[in-house]
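Make a model of the complete structure from these sequences and hints.
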Amino acid sequence: MSLHIEKGMKGDFWTDQLPEGLSLMRPVDKLMIVAAVISLISSIVYVLYECIFNGGSAYDLIPWLAVPFFICGIIAYISLKYWILIVIACTGPIMWIFDVSSDMIFFSMFIVIGAAGVVGIICALQRTIFYRVIHIIEYVNIKKKLTFSDRLVAFLFNVPDDLDTRNITLNYSLRRTKIPWKEMGGSMSLGLMIGMFIWIYISMNPMFINLSTGSNIPLFMFALILYIPVLVMPWVIFKSLNVRIETNYRDFKVYNGIKATLKRMAVPVFAALMYVIVAINTSNIMSVLYYIVLSAIMIVSIIGFVSMLYYLVFESSIINDIVSKWKIFRPVSIFMGLDEKVSNGSLDDFPGTPIRDKNDFGKLIIPEEK
61 MSLHIEKGMK GDFWTDQLPE GLSLMRPVDK LMIVAAVISL ISSIVYVLYE CIFNGGSAYD
121 LIPWLAVPFF ICGIIAYISL KYWILIVIAC TGPIMWIFDV SSDMIFFSMF IVIGAAGVVG
181 IICALQRTIF YRVIHIIEYV NIKKKLTFSD RLVAFLFNVP DDLDTRNITL NYSLRRTKIP
241 WKEMGGSMSL GLMIGMFIWI YISMNPMFIN LSTGSNIPLF MFALILYIPV LVMPWVIFKS
301 LNVRIETNYR DFKVYNGIKA TLKRMAVPVF AALMYVIVAI NTSNIMSVLY YIVLSAIMIV
361 SIIGFVSMLY YLVFESSIIN DIVSKWKIFR PVSIFMGLDE KVSNGSLDDF PGTPIRDKND
421 FGKLIIPEEK
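Counting with the numbering used here, you get residues 61 to 430 for the letters of the sequence shown.
Just so you know, the hints here were simulated from the structure itself, not pulled from any lab data.
Treat the hints loosely; a few may be bogus.
[Unchecked claim] Heads up, simulated SDA-like pairs for lysine to any residue below, C-alpha to C-alpha not over 20 Å straight-line: (1) LYS387 - TYR232; (2) LYS313 - LEU216; (3) LYS313 - ARG226; (4) LYS313 - VAL172; (5) LYS319 - ASN302; (6) LYS319 - PHE215; (7) LYS319 - LYS387; (8) LYS299 - ALA214; (9) LYS319 - ARG304; (10) LYS313 - ASP224; (11) LYS387 - MET85; (12) LYS313 - TYR191; (13) LYS242 - MET85; (14) LYS385 - LEU234.
As structure tokens, then:
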């Protein structure tokens with residue numbers, strides 16, 4: 061742990077960088093992120109090439125952007141040793157040989173493989189950002205000069221300017237006995253908000269307005285909607301562990317901060333969407349409404365399915381790793397007193413913890429009355 065002095069608004073203070081042993085990343089997580097990035101870039105290049113040079117339709121080619129989820133799904137199953145599901149996944153090419161529709165193959169392969177890839181990417185992102193985010197929040201309100209990362213995190217998590225953010229903590233004893241349906245509902249509502257962003261731009265596209273209901277739009281929508289859980293669900297780890305800044309009054313919950321930010325952004329988005337629908341030719345408005353409703357159903361279904369897979373199979377591992385590393389991040393309470401006992405051991409268990417002799421603080425002498 062590298063300690064150094066930061067310039068604060070009301071004086072200097074000691075801070076530190078993240079310790080090396082704090083990383084939550086496993087080899088499989090690093091492999092998954094690399095595979096996702098490479099396959100996503102390759103898919104984008106292929107789609108652009110086909111659209112520009114071969115006159116392909118974006119509505120037919122966009123499903124290629126789902127390739128990263130299938131690759132990461134296979135990596136996730138291999139790491140979990142779910143060999144039977146990998147064998148079942150091989151039925152995809154067999155279905156293609158027997159002339160099964162591409163839509164049916166795509167949907168079935170998502171259920172078997174793609175969903176695991178979505179959850180695997182979500183967990184890899186959680187492992188990447190968790191301690192980095194709370195470390196930034198910890199000092200964001202006492203620094204004199206903020207970096208771009210500080211400002212971005214403070215904006216996303218809606219951190220109040222007058223809050224002493226150093227007393228950040230979490231729930232160490234989380235044990236799941238059932239699926240948290242309330243948390244799933246929150247993820248679905250955030251997913252619907254982000255879905256409105258997508259439909260503003262799609263509905264304004266004249267090409268979309270001229271397409272009939274028999275076109276390839278459902279598959280196009282499904283491929284895009286697969287990315288919504290990746291945008292929404294990495295933040296649920298802050299809710300699951302109840303990451304919060306404790307105060308003498310009401311605690312500030314970190315997850316509520318980012319939820320509030322997304323809700324503020326959703327109000328003008330919803331208004332703009334209504335404007336788009338009214339501005340569209342009336343002969344096509346029913347078609348647009350049909351796809352908006354279909355999109356909402358897909359978002360709820362996909363996030364619901366991905367959430368169940370996340371909570372049942374993947375969540376316990378990342379929570380255990382976060383809790384086990386918390387002692388490295390915060391060996392003692394930031395406001396711990398001299399006589400206060402350490403809740404998870406003695407000070408001798410934490411090398412490098414400063415120890416002060418009480419005599420250093422002087423001795424109070426009350427003069428005798430004369």
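Outcome of the hint check:
no.	hint	result
1	LYS387 - TYR232	11 Å, holds
2	LYS313 - LEU216	13 Å, holds
3	LYS313 - ARG226	13 Å, holds
4	LYS313 - VAL172	35 Å, violated
5	LYS319 - ASN302	14 Å, holds
6	LYS319 - PHE215	12 Å, holds
7	LYS319 - LYS387	28 Å, violated
8	LYS299 - ALA214	17 Å, holds
9	LYS319 - ARG304	14 Å, holds
10	LYS313 - ASP224	13 Å, holds
11	LYS387 - MET85	17 Å, holds
12	LYS313 - TYR191	16 Å, holds
13	LYS242 - MET85	28 Å, violated
14	LYS385 - LEU234	15 Å, holds
When held up to the earlier numbered hints, the structure conflicts with 4, 7 and 13 and fits the remainder.
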